[in-house]
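Protein chains: 4
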Amino acid sequence: MFHYQLEPRFSDTDALGHISNTALPVWFEEGRTPVFQIFHPSLDVKTWPLILARVEIDLMAQSYWDQTVEIRTGIGRIGNSSCRVIQQAFQGGQQIARGVAVLIHYDYSSQKSVPIPDEIRARLAEHSVDDA
Amino acid sequence: MFHYQLEPRFSDTDALGHISNTALPVWFEEGRTPVFQIFHPSLDVKTWPLILARVEIDLMAQSYWDQTVEIRTGIGRIGNSSCRVIQQAFQGGQQIARGVAVLIHYDYSSQKSVPIPDEIRARLAEHSVDDA
Amino acid sequence: MFHYQLEPRFSDTDALGHISNTALPVWFEEGRTPVFQIFHPSLDVKTWPLILARVEIDLMAQSYWDQTVEIRTGIGRIGNSSCRVIQQAFQGGQQIARGVAVLIHYDYSSQKSVPIPDEIRARLAEHSVDDA
Amino acid sequence: MFHYQLEPRFSDTDALGHISNTALPVWFEEGRTPVFQIFHPSLDVKTWPLILARVEIDLMAQSYWDQTVEIRTGIGRIGNSSCRVIQQAFQGGQQIARGVAVLIHYDYSSQKSVPIPDEIRARLAEHSVDDA
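Protein chains in written order, with our numbering: chain S, 1 to 132; chain Z, 1001 to 1132; chain X, 2001 to 2132; chain V, 3001 to 3132.
Treat each hint with caution, since some may be false.
[What the hints assert, rightly or not] Here are the simulated DSSO-like cross-link-like pairs (lysine-lysine), alpha carbons at most 27 Å apart as the crow flies: (1) V:LYS3112 - Z:LYS1112; (2) V:LYS3046 - Z:LYS1112; (3) X:LYS2046 - S:LYS112.
[Stated by the list, open to error] Part of the chain X face toward chain Z, derived, beta carbon under 10 Å: (4) MET2001; (5) PHE2002; (6) TYR2004; (7) LEU2006; (8) ARG2009; (9) SER2011; (10) THR2013; (11) GLY2017; (12) PRO2025; (13) VAL2026; (14) TRP2027; (15) GLU2030; (16) ARG2032; (17) ASP2066; (18) GLU2070; (19) ARG2072.
Rather than coming from a laboratory, the hints here were simulated on the basis of the structure. This one's a predicted model, so the numbers in the text were calculated from it and none came from an experiment. Glycine included, C-beta positions come from ideal geometry on N, C-alpha and C.
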């Protein structure tokens, strides 16, 4: 499991007085950086090999801009060319959200999904978590 | 079904050259404005009666910042105090995403969900769509 | 002068209950689209010929997420390779902000500024406004 | 001078491949948090005593999403009810931007500016920097 500490930004809030729901997909994207690095160590956007197919987020408690957030990120089921990223967000000791992201290993030039190589598959599996 | 036309913003793009996945939750939130108005005609944030419990988004095709997007929004299953909002995003005649948002009728002062009144339920039902 | 109508987004607000100051640079950027088109009719990001050197924004009145905003955009002083874009934002008949953006005609491959051609200069001048 | 380390977010980039100019006002806002705390130690948004009147940002070099940014923040001229915040952003040892923000000590209930008390003025002055 990867752990990422993140400072909410004031602009992550909205007029309801708390963190906007639209900040969570941004935060979870930051938490996926080490997963991106497994697929693409350089992180060079010109040769980026992933596309996001789906996100699910459950908002479980209100969150606040002036407290650090911890994002925990693990790998769920791994398919032929896709994998599920399982994430949790915590703030002040309380879980505020959970998320699932479906990443597809993708070739932008041919616009096709490509199988996940065994070496990457093995490195992903080191971070596997329950995927109910 | 509600139809909302939206202009992507340049800042909705990311370094991969297209619209960021994180823009879709923002766009779908805009498309839900008429649903918010059914619950809360004034749209006054000080007395806002809704909380978002869950979002799901399937990203189906790349989208571009310089073409108008149409968000279509309907109502899925209506529970005792929650309802599912079923949404689609189209650009240039192609569906680029679909989304589900689970809204809860909520009292922020008591921090509890509250049943959806029959009058609101009836107005929601006028916009019902398939919720597979 | 160019006129652009823009719908604020709920996520443009912040916890102070109104539009975040950080939304204004985004809105003014949208208002500059017709200026970008004078320099670069295709708007293709791969051959983008402009870089932003400076922004100034005066926030003059609170603004609200549920009312349309009008952005007015004109051209100020034109230099050898740069031009000043002079902008105003109005909401509900009231001016809420003014802005200045300094754009540089730029070659990303050589990473150098390039003179503004006479033809573009002439088209910019058609939209000139006071630049105090 | 206050020092704040900040991780750019992938969603801070835009389709030109680098950090969007619209991220800088957000980053500089984060860097002002210790200034907000001098005025308002609780940071409670319900009793927030500041309004932003003006921002200026000079973009000096391209910046990248995968490198830490350091924001340096000092206090410039202090007026009767306002103060200038002078900021710089660095990445990889290079200055990428400078910014000025004009904050007004403000009473939201009466919608009027209020003088900066001597105690706050003294604490601000401890962080004074050149304000050319």
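Now for the hints, and whether the structure bears them out:
Straight-line distance between C-alpha atoms of V:LYS3112 and Z:LYS1112 comes to about 37 Å, which puts the hinted pair past the 27 Å bound. For the hint pairing V:LYS3046 with Z:LYS1112, the CA-to-CA distance comes to about 22 Å; that is within 27 Å, so the pair holds. Using a Cα cut-off of 27 Å, the hinted pair X:LYS2046 and S:LYS112 holds, with the two alpha carbons roughly 22 Å apart. The restraint placing X:MET2001 at the interface with chain Z is violated, with a minimum CB-CB distance near 19 Å, outside the 10 Å limit.
Annotation: interface hint on X:PHE2002 violated; nearest CB of chain Z at approximately 14 Å, more than 10 Å. Given hint, X:TYR2004 at the interface with chain Z, holds; its Cβ is 9 Å from that chain's nearest Cβ, closer than 10 Å. For X:LEU2006, the interface hint holds, the least distance from its beta-carbon to any beta-carbon of chain Z being 7 Å, beneath 10 Å. For X:ARG2009, the interface hint holds, since its Cβ comes within 10 Å of a Cβ in chain Z; the closest pair sits about 6 Å apart.
Hint status for X:SER2011: holds, given a least beta-carbon distance of 5 Å to chain Z, under 10 Å. The beta carbon of X:THR2013 comes within 8 Å of a beta carbon in chain Z, closer than 10 Å, and the hint placing it at the interface holds. For X:GLY2017, the shortest C-beta to C-beta distance to chain Z is roughly 6 Å, which falls under 10 Å, so the interface hint holds. Evaluation of the X:PRO2025 hint against chain Z yields a held restraint, the C-beta minimum of about 9 Å falling below 10 Å.
Given the 10 Å rule on beta carbons, the hint for X:VAL2026 holds: about 5 Å separates it from the nearest Cβ of chain Z. A least Cβ separation of about 8 Å between X:TRP2027 and chain Z falls short of the 10 Å threshold, and the interface hint therefore holds. Checking X:GLU2030 against chain Z by beta carbon gives a least distance of about 6 Å; that is within 10 Å, so the hint holds. Hint status for X:ARG2032: holds, given a least beta-carbon distance of 9 Å to chain Z, under 10 Å.
The beta carbon of X:ASP2066 is positioned within 10 Å of a beta carbon in chain Z (closest approach about 5 Å), and the interface hint is therefore held. Hint on X:GLU2070 is violated. Least Cβ distance to chain Z is approximately 14 Å, over the 10 Å limit. The beta carbon of X:ARG2072 is not positioned within 10 Å of any beta carbon in chain Z (closest approach about 17 Å), and the interface hint is therefore violated.
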